[in-house]
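Peer 1: One letter stands for each residue in the lines below.
Protein chains: 2
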Amino acid sequence: MISLVETRALIEAGKLTPAAAIGQCLAAIAAQDGDIGAFVRVDPGARPGPAGPLQGICVGVKDIIDTADFPTEMGAVAYAGWRPKADAPIVAELKRLGATVIGKTVTTAFASMDPAGTRNPRNQAHTPGGSSSGSAAAVAAGMVPLALGTQTGGSIIRPASFCGVAAIKPSFRFLSIVGVKPFSHSLDTLGFFAAGVADIAYAMAAVAGRPDLETGSVVNPRIGVVIQDFAGAPAPEGARALEAAIRAAERAGASVREITAPAAWGEIWRLHPILQSYEACRNLAWEHSTYGDSLPPRVKSELDAGRTVTAAEYDAAQAAAASARAAAQGVFAEVDVLLALSAPGPAPVTLATTGDARFNRLWTQLGTPCVNVPAYVAPGNLPVGVQVIAPYGRDGLALAAGRFLEKALGPVMS
Amino acid sequence: MISLVETRALIEAGKLTPAAAIGQCLAAIAAQDGDIGAFVRVDPGARPGPAGPLQGICVGVKDIIDTADFPTEMGAVAYAGWRPKADAPIVAELKRLGATVIGKTVTTAFASMDPAGTRNPRNQAHTPGGSSSGSAAAVAAGMVPLALGTQTGGSIIRPASFCGVAAIKPSFRFLSIVGVKPFSHSLDTLGFFAAGVADIAYAMAAVAGRPDLETGSVVNPRIGVVIQDFAGAPAPEGARALEAAIRAAERAGASVREITAPAAWGEIWRLHPILQSYEACRNLAWEHSTYGDSLPPRVKSELDAGRTVTAAEYDAAQAAAASARAAAQGVFAEVDVLLALSAPGPAPVTLATTGDARFNRLWTQLGTPCVNVPAYVAPGNLPVGVQVIAPYGRDGLALAAGRFLEKALGPVMS
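These protein sequences, in sequence, are chains A and B. Sequential numbering of the first sequence, starting at 1, is according to this note's numbering. Sequential numbering of the second sequence, starting at 415, is according to this note's numbering.
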């Protein structure tokens with residue numbers, strides 16, 4: 001993988017030109033993307049942006065995020081060739097800071113659950129996860145040092161786990177979601193993939209204009225391992241990954257204890273589909289009525305389901321979400337951060353599913369920042385990640401704790 | 415003005431066809447819009463939508479709201495001829511319920527403060543207010559029974575006051591803002607203009623799928639009149655409008671008392687420009703960097719100002735807003751609804767400004783539902799409105815109290 005921080009250090013030391021850094025990404029894409037299929041389209045003439053903290057850094061942008069210079073096709077035939085007027089604010093900010101948008105990465109249709117064709121660079125018979133399939137795969141394959149993704153259920157953290165890369169799902173609305181095709185606006189969250197947590201922290205600090213996101217650290221953190229019985233048991237490889245992370249954290253000085261999820265958390269985990277489908281069928285109402293049965297089947301089925309949810313059911317789900325967020329304050333009174341699996345186990349050996357978001361949707365509902373760290377590699381070169389979860393609004397703490405755990409685990413993926 | 419409720423009653427009774435109702439709007443537009451300039455463009459072939467609660471109802475849609483069938487030009491040369499891919503969810507829902515989008519209404523550029531050319535139908539030498547200039551004017555002139563607007567400072571309630579129409583700025587995010595060009599995403603709020611509060615309630619109940627928004631009522635409400643010393647004094651005509659509303663409410667059985675705004679409300683009133691400009695310069699970053707000095711001067715100046723706001727200042731403004739929302743709970747423990755002026759006075763006698771939002775921005779920051787009711791007509795046929803304000807999420811109460819006050823005041827505007 002390409003380290004963003006190392007690339008920037010080389011550029012700042014005059015040992016690598018921004019143009020050469022971009023050339024390396026273009027070469028890696030040319031060499032690998034025919035097999036992987038991480039990109040919808042690439043700019044073969046990509047050039048460095050203005051001088052700035054991200055000059056020379058190539059970014060893959062999930063294809064539900066508006067770009068003025070590339071079509072934005074939402075992974076859907078309905079949007080073939082569609083070109084937005086303006087860059088999404090996150091894209092404009094990356095470019096302002098010097099970054100180069102090298103291309104648009106594959107998304108499942110409307111960031112829902114119909115799989116796209118991208119393969120997992122760690123083992124091409126396996127899914128890379130979704131819906132941010134191309135962004136996770138592009139970073140894992142060493143094609144780009146940074147990529148943008150979004151999560152409504154588990155669309156950042158799960159593909160990061162399957163592909164063995166670092167990623168952040170920040171606090172809800174920490175990064176502006178403007179210019180990103182909405183699915184469920186109470187849940188949609190914009191985030192980053194990169195080789196390591198330090199790379200993520202560097203990018204987050206730059207785009208948010210918050211240097212402290214990069215400079216925080218934690219010593220002997222109190223870590224709670226969350227028992228989510230309602231979400232079912234992990235696969236054996238998942239259990240091994242969580243165990244590896246716990247042991248490494250303890251060796252590095254953390255105190256680790258089990259935490260039983262409050263009842264309110266189980267309730268919003270259960271209600272997630274109600275809330276999501278009610279909003280999705282409204283946000284995609286034009287697509288639903290214009291394209292109907294020609295929409296991909298899982299999108300179509302979710303939009304149909306949303307029409308059966310009543311306003312009272314939706315209100316109840318929102319009220320439960322508020323209760324669950326309130327309950328989080330009690331949990332975080334006892335520990336600094338939480339630790340949970342990023343996925344039930346390694347990537348399934350199929351391209352017909354993007355995997356299961358059952359270990360993700362609680363955190364998306366809570367709006368808490370989550371950082372994926374690869375923790376274990378199962379036979380077949382299949383990574384499994386864990387996520388470090390901090391209180392809402394404490395993204396710097398999530399990143400610092402992620403760096404702590406990453407260092408404690410030592411090299412897991414290259 | 416055209417009553418939505420009466421139009422629907424005539425259609426349901428078989429005394430008016432949906433096509434004829436649309437024809438009347440087209441005729442009114444043809445007769446008047448040359449002088450008023452409320453519409454950017456109109457569909458001369460407008461036809462009824464499917465059977466439903468809004469069939470035969472023509473809607474004017476503010477031109478920052480995405481429509482697949484019309485260009486959406488944001489009031490800005492930069493977007494001349496720009497056509498979005500999809501209808502905004504609110505537009506799709508109106509059409510699904512049978513309504514006809516008859517055209518796009520004039521907005522100031524990006525819904526900011528550079529005036530557009532629309533004239534006030536009550537007195538054409540005066541501004542109709544803004545930024546939802548065309549929507550307020552189209553309803554006031556009897557061209558349409560319903561129009562969509564948005565408010566970030568005072569862009570719904572102030573033009574409603576200047577034009578003498580009913581309007582609602584609902585609770586923050588009560589109506590989905592998806593597909594509406596963002597300016598300040600913590601403030602942008604979608605709402606309606608119509609001839610009377612019952613018309614607004616009918617439309618809100620239909621699009622939200624919440625019949626109780628239309629059927630609520632209040633008896634002998636406890637009304638608090640808010641003293642906002644920090645916002646300055648009203649014009650004499652404003653003071654008269656507020657006095658008229660208080661006297662009418664008391665005669666109809668309300669108990670009215672003065673309420674001094676909590677200190678936290680003054681603080682967010684003061685910080686509103688900080689929060690708004692920080693978000694606006696990011697949300698319009700592509701436009702800012704692409705068009706620069708060719709942007710309209712007030713937009714350009716606000717985007718420039720936003721770049722000087724630090725993340726710490728923005729965080730402080732958001733924290734103050736949270737404190738102010740918490741303080742609202744204390745205020746509403748003592749009264750059912752609040753009453754305040756919708757604007758300092760009547761519409762200024764100029765087209766070079768859209769007026770002053772100083773009596774609006776507190777409520778936009780608080781996210782509380784506000785309903786404008788015309789209360790007084792100053793010499794020159796210049797209306798002045800008052801707004802009824804309910805607790806966050808109690809939009810049905812705001813509408814019921816608005817109907818109470820409207821009835822108490824009796825006919826003010828025709």
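Note that these hints are calculated values from the structure, not bench results. Where hints are given, some of them may not hold.
As the list claims (entries may be wrong) - Below, in silico cross-link-like pairs of lysine-lysine (BS3-like), each with a Cα-Cα straight-line distance of 27 Å or less:
#1 Lys821/B x Lys85/A
#2 Lys714/B x Lys300/A
#3 Lys85/A x Lys499/B
As the list claims (entries may be wrong) - Pairwise CB distance ranges (calculated):
#4 Thr353/A x Leu424/B: 18 to 26 Å
#5 Ala316/A x Ala677/B: 29 to 37 Å
#6 Asp229/A x Ala725/B: 35 to 43 Å
#7 Glu6/A x Ser708/B: 37 to 45 Å
#8 Arg461/B x Gly292/A: 55 to 63 Å
#9 Ser631/B x Ala233/A: 48 to 56 Å
#10 Gly466/B x Glu334/A: 46 to 54 Å
#11 Pro411/A x Ser703/B: 39 to 47 Å
#12 Gly292/A x Gly794/B: 33 to 41 Å
#13 Pro458/B x Thr353/A: 29 to 37 Å
#14 Glu420/B x Ala322/A: 46 to 54 Å
#15 Asp293/A x Ala730/B: 47 to 55 Å
Fair warning: this is a prediction, and the values are worked out from it, not measured in the lab. Beta carbons are placed, not taken as given, at the ideal position from N, Cα and C, and that holds for glycine.
Peer 1: Hint by hint, say whether it matches the structure.
Peer 2: Each hint tested on the structure:
1. Lys821/B x Lys85/A: violated, 46 Å
2. Lys714/B x Lys300/A: Since the Cα atoms of lysine 714/B and lysine 300/A sit roughly 42 Å apart, the hinted pair is violated (cutoff 27 Å).
3. Lys85/A x Lys499/B: holds, 11 Å
4. Thr353/A x Leu424/B: 18 to 26 Å: violated, 54 Å
5. Ala316/A x Ala677/B: 29 to 37 Å: With Cβ atoms ~35 Å apart, the hint holds.
6. Asp229/A x Ala725/B: 35 to 43 Å: Holds, since aspartate 229/A and alanine 725/B (Cβ atoms, about 39 Å apart) stay within the stated range.
7. Glu6/A x Ser708/B: 37 to 45 Å: holds, 41 Å
8. Arg461/B x Gly292/A: 55 to 63 Å: Hint violated: Cβ distance 21 Å, outside 55 to 63 Å.
9. Ser631/B x Ala233/A: 48 to 56 Å: Holds, at about 53 Å.
10. Gly466/B x Glu334/A: 46 to 54 Å: 53 Å Cβ-Cβ, so the 46 to 54 Å window holds.
11. Pro411/A x Ser703/B: 39 to 47 Å: Holds, at about 40 Å.
12. Gly292/A x Gly794/B: 33 to 41 Å: violated, 53 Å
13. Pro458/B x Thr353/A: 29 to 37 Å: violated, 50 Å
14. Glu420/B x Ala322/A: 46 to 54 Å: violated, 40 Å
15. Asp293/A x Ala730/B: 47 to 55 Å: The hint (47 to 55 Å, Cβ to Cβ) holds, given that aspartate 293/A and alanine 730/B are roughly 51 Å apart.
Checked against the numbered hints given earlier, this structure breaks hints 1, 2, 4, 8, 12, 13 and 14; the rest are met.
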